[in-house]
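A.B. asks: Okay, here's what each chain looks like letter by letter:
Protein chains: 2
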Amino acid sequence: MTDFSATRAAFHIPDGVIYLDGNSLGPLPKTAARRVSEVVTQEWGDHLIKGWNDCGWMDMPMRLGDRIGRLIGAEPGHVVVGDTLSIKVFQALAAAIKLNPDRRVILSDTGNFPSDLYMAEGLISLLGPDYDLRLVAPEDVSAAITEEIAVTLITEVDYRTGRKHDMAALTKKARAHGVVTVWDLAHSAGAIPVDLRGVGADFAVGCTYKYLNGGPGAPAFIYVSPDHAEKALPALSGWLGHDSPFAFDLGYRAGAGVSRMRVGTPPIVQMAALEAALDIWDGVDLQDVRNRSIDLSERFVAGVEAHCPGLVLASPRDPAQRGSQVSFRFEHGYAAMQALIANGVIGDFRAPDMMRFGFAPLYLDEDDIDAAVDTLRRVITDRLWETPEFQRKKAVT
Amino acid sequence: MTDFSATRAAFHIPDGVIYLDGNSLGPLPKTAARRVSEVVTQEWGDHLIKGWNDCGWMDMPMRLGDRIGRLIGAEPGHVVVGDTLSIKVFQALAAAIKLNPDRRVILSDTGNFPSDLYMAEGLISLLGPDYDLRLVAPEDVSAAITEEIAVTLITEVDYRTGRKHDMAALTKKARAHGVVTVWDLAHSAGAIPVDLRGVGADFAVGCTYKYLNGGPGAPAFIYVSPDHAEKALPALSGWLGHDSPFAFDLGYRAGAGVSRMRVGTPPIVQMAALEAALDIWDGVDLQDVRNRSIDLSERFVAGVEAHCPGLVLASPRDPAQRGSQVSFRFEHGYAAMQALIANGVIGDFRAPDMMRFGFAPLYLDEDDIDAAVDTLRRVITDRLWETPEFQRKKAVT
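So the protein sequences, as listed, match chains S and L. If you read the first sequence in the working numbering, its first letter stands for residue 1, the second for the next number, and so on. If you read the second sequence in the working numbering, its first letter stands for residue 1, the second for the next number, and so on.
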């Protein structure tokens, strides 16, 4: 059983703050500052160039990849860390589409995070006009999986509403139709149980600064299934993905398995924070996280619906259909969120009218939820965003 | 006049170390640890998601880009920081080749850093078999610039020998033949004066962990000239390069100028170290750096040639033809470099037989050079790599 009091104690949450935005940027693990400082002062400072070997820097992307792999049901040695999520989307897509050379359509949905779609557009701008990005409504993805589709590019959990796709069912259908799957786990990794191996996913990508708490701009990760690991080519074929980077051959020769998805020199200082964050996950069971996330989010939904008139649930009502966040539409959502934040409860806002709240059980408990609901109730019922005090406060910050 | 005693005092160089590998990884700026710690503990820790606005995180890529721009002769607002150098090579190439839609050949040379060539290969794997990467010897680049060439991809300073291309002459010839230029400044930025605007370069890319001392895995930069900034498309079209990232449009619309070369969430912790490193460059004149680099490297070459039999200069003898490093071929180069490092002088080795030494005037002076020569002399004349003491030491480290 996961010890949530221990995980909660592992984070720095500022006094007076209830943090419901870990789905955007996770909070600071207390050990991260020390770990980053060691890497900067002792490793970089004293080992200089030798740090690449002496301090294990060169292996960090695969080492951290494996630690993330455990949280998403990946086979050991099949996840590597690096770059940003958008870059990893591009790499996965570019490799996936070449594995289906007779097909030309990338299928995605209008609930996907826009950067995924932009990267697909960019890839198609290179591949040529025969290729196409087809967008359907999230609920129509399954029906749109046909023999015409080369690759699906689907984000499991919708960034705005938390609506969750049925990853197992969609992957199964894709496989049955010869479609290669690319799953974006941005709002899944560290939030809900993911079983890449179990569902038979082909590629997956994700970021580490949300529920994994790796820090602002922490690197992304990519998974390539054992079926494809020795065949998939990265297109972004950098020297650290080369079979023998320090041979400095003039021609590219892909490295073993997912290591070929490495590109350039990895961000060691940034990864030090991520490494400290991943320590907290040792001993955490994702099913425990999921159960608790559902308890917390159900408590929040019930509280808001009872006490905050005007807010309309935008997320699926059934928690099994959601990730680890809920969103409410509210006419004055932007202003209300500003006022809520000014009163110590941090969520965020997505245009045009969506107030978004994430529930990370590693550092949130029932008392936080009750206090957050109570503050939100005050904001809404007293229309705090209209008060002179708030307007003044806003003017000076 | 640049105050080199002040710049020297700004770095942490471990006791007993003479660091001649700043061309690979620059040493730690003393203020970097504090700056990184502030970003981790205060900004991330206390501002959480609000750090993106409160702490200026979102603007860092352009802000740091401008500070680098000053060092490479770029117009303000035309350099942005992010990703790795390999990714920036891909972006520049992908944009450049589309600006020359009737041509199909990327020209590079066999002295280029291999990752640049690998990225060009990867791009071509997407563009299709009509496209070609043509490699010539470095001395044949000028002759190979013809109306057939779409883009040149040239690294100004050779990573092994320090041999320097004539950037002004090659750019001029390229322009005369309608060829778009992509310059890789990996071994130029912070090492020698670069005048992107003056020579009329189209695109430039570079890294910040070498002479700019941004730390292991510090991000890269990209320059797009004002001529192209509103036309060049990044292909790696991520949300932070979108004209309006937080509108979350489903379709990509390139942002203003070079900001469209941003891709995903930038590495804030890593950039904090770079920011501290760039502070040191305030008040540094690159022509002073160049003059002093030539003095130091000439002193080193003379010393080595006088005292280290068997070492053969692999770099151009004329310092005007070199960047800020020199290399020597030596039969026992690998073992000798290990022994040299064990004796406190850090250079590096490139197969098959090249001992490489970088000269960064910001933290090196004449005494360092004399001491380095003296240590190298002892290593070579006493064949220190063969001594039992060294073999034992090697076995335990």
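Among the clues, some could well be false.
Some residues of chain S that are not near chain L, with every Cβ distance over 12 Å (derived) [said to hold, decoys possible]:
#1 S24
#2 L233
#3 R290
#4 I294
#5 G303
#6 P388
Where chain S lies over chain L, by a calculated footprint (3+ residues, C-beta under 8 Å) [said to hold, decoys possible]:
#7 21-31
#8 108-120
#9 211-218
Straight-line alpha carbon distances no greater than 25 Å define the calculated SDA-like cross-link-like pairs of lysine to any residue that follow [unchecked claim]:
#10 S:K231 <-> S:F246
#11 L:K172 <-> L:A137
#12 L:K231 <-> S:F246
#13 S:K50 <-> L:P388
No wet-lab data here; the hints were simulated from the structure. Virtual Cβ for every residue (Gly too), placed ideally from N, Cα, C.
A.B. asks: Decide, hint by hint, whether the structure agrees.
C.D. replies: So, going through the hints one by one against the coordinates:
no.	hint	in the structure
1	S24	violated (5 Å)
2	L233	violated (7 Å)
3	R290	holds (23 Å)
4	I294	holds (23 Å)
5	G303	holds (22 Å)
6	P388	holds (23 Å)
7	21-31	holds (count 5)
8	108-120	holds (count 7)
9	211-218	holds (count 4)
10	S:K231 <-> S:F246	holds (22 Å)
11	L:K172 <-> L:A137	holds (19 Å)
12	L:K231 <-> S:F246	violated (37 Å)
13	S:K50 <-> L:P388	holds (23 Å)
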